[in-house]
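A.B. asks: Chain order of the listed sequences is C and A. Numbering-wise (the working numbering), the first sequence opens with residue 1 and increments by one. Numbering-wise (the working numbering), the second sequence opens with residue 1 and increments by one.
Read the hints as simulated data drawn from the structure, not as lab findings. Beta carbons: idealized from backbone N, C-alpha and C, even for Gly. You may find that some hints are simply not true.
[What the hints assert, rightly or not] Quick partial rundown of chain A residues pointing at chain C, CB under 10 angstroms, derived from the structure:
(1) S69
(2) N70
(3) L71
(4) E75
(5) P96
(6) N97
(7) I105
(8) M108
(9) C113
(10) G115
(11) H116
(12) D121
(13) R138
(14) G160
(15) R174
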Amino acid sequence: METLYNILIDPFVQMYEAPDFLMQVLWEGLVSGVLYALIALGFVLIFKSSRIFNFAQGIMVVFAALTLVGLHENGVPAWLAVPLTLGVMYVLAVGIERVVLRPLVGQPDIILFMATIGVTLFLIGFGEFVFGGENKVMITEALGIPTGALEFNPFGGFVLIEEKDLTAVVMAVLLVFALITFLNYSSMGRAIRALGDDHQAALSVGISLSTIWVIVWFIAGVIALATGIVWGARAGVSFALEVIAYKALPVLMLGGLESVSGAIVGGLAIGILEKLFEIYWGQPFLGGNTETWFAFILALIVLLFRPQGLFGERIIERV
Amino acid sequence: MTATAQARAPQKDAKDAAETILSVNNIEVIYDHVVLVLKGVSLTVPKGGIVALLGANGAGKTTTLKAISNLLQAERGEVTKGSIEFHGEQVQALSPNALVRRGCIQVMEGRHCFGHLSIEDNLLTGAYTRRDGYTEVRRDLEMVYEYFPRLRERRTSQAGYTSGGEQQMCAVGRALMSRPEMILLDEPSMGLAPQLVEEIFEIVQKLNKHEGVSFLLAEQNTNVALKYATYGYIMEAGRIVLDGDAAALRENEDVKEFYLGVGSEGRKSFRDVKHYKRRKRWLA
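Use the sequences and the hints to build the structure in full.
C.D. replies: So, in structure tokens, the structure goes:
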């Protein structure tokens, strides 16, 4: 009885008794959630427009961050290093389209998936060759990201918000809004959505696959850079950063591979839920470190009941 | 192998080049490097004409259209011989995108609307290749709504949830948004009620008359197609077996017998298969 009380009731009592701490937890969850959402968006865009599950998304984060830091180390000022890195990501997008995607048009999806694994391996090798394998520090100050912390005192308590995290959230939100606007209100965005619906028909109205693919992979590159900067500022820039892209996998399962809104909601939900679970259940009962697996279990449960994901696009079937 | 050599020498008797918008010269199409689907197909479409491409299932109508619009590549099909000329320019090496820019667009069999996009968004995707600005596109959108008033009513619905007729209209309207000179229309009657089929063909005729759009339409519904078309080609097993003015084809005994279902001696039975084969050889 007592254990049941401890598991089912007590955490909520704690939440109620220390609302400031709860807010702190929620905020931390929100920060990682926003990032998960951002990475998931990169996956969703590429999947929607080309039916490719882009295995290379994670390594693109590392590659973008490494390029940025590497350029800065070689004396390029930060304000120039960012557009230059974007340029590199653009060249990468064009290269992938030319060398990998175009020759494989019309091949089964799994072959394209394997090709992205090839891209991943190439980027790992190439990245290490150019930038070396050791950990680097993100150039947070040089980029003008504030590093202080803000204090709030709600309910007579105490909440600490790092400006770094605040910047991350603001940047991610702006990026997401820009993306949604682009997808819904520009002719190119409309073409991307159309391509997601019906490849053949998109081709037939003259939508050019190669143009769209370059754009989509470039967007994925921009997202990779943004995530790389933000996550690099928290955890340093190394090849281990690749792992956070895999944290986006449960988000995709939860949100559906094709749904932009699903990626956003799924990302936020997973970020917040895993933090809550870790603090109120994981640490007291399971010895902590539940964040590494919680999201996957959650996704597994969702998949059991809704195979298309919580927000997956309904397959329109007319009878 | 000899594709270029073949392409250089125009095969078909050059029907007044100035009047021809599309000419297909003896093309051969191979899928997956092994399956020979078209075995030398030639046809011409005059500017401002409606030409019907008729034949049974699997005769190669769709493949012919896709060869012209270059959608074959995505299906691992390939034009291995012959040439395709649009406005006198060789187009078989162009991408579908480049061809749409030149004014030739395909409406695919089975409608293929973008299911999750609204009808209006569907129509607007048709204007993807255009660079003449927002107001022009809006004006054409209005024009499409005039031709298809039903689409205006459904403009905000997701295309996937509209009826088959509305989807067909949407597909044709979407093609119109690219300001085409020529539309390759594949099986517009598929799965539609007879009344709707007539409606669609009426609109095709109107578009032809008022907007000057030339049509090459593949149809199984020989009856309706020959009613609206000016000229017809009949395909069988990857070849053209018969062609002629629509009026003449309608009166042709063989066509009546094989495609219109009215034989000179009433209904046919399986006994006549042999007879049919013999006749076919003669036709080819």
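A.B. asks: Run through the hints listed earlier and report the numbers of any the structure violates, in increasing order.
C.D. replies: 13
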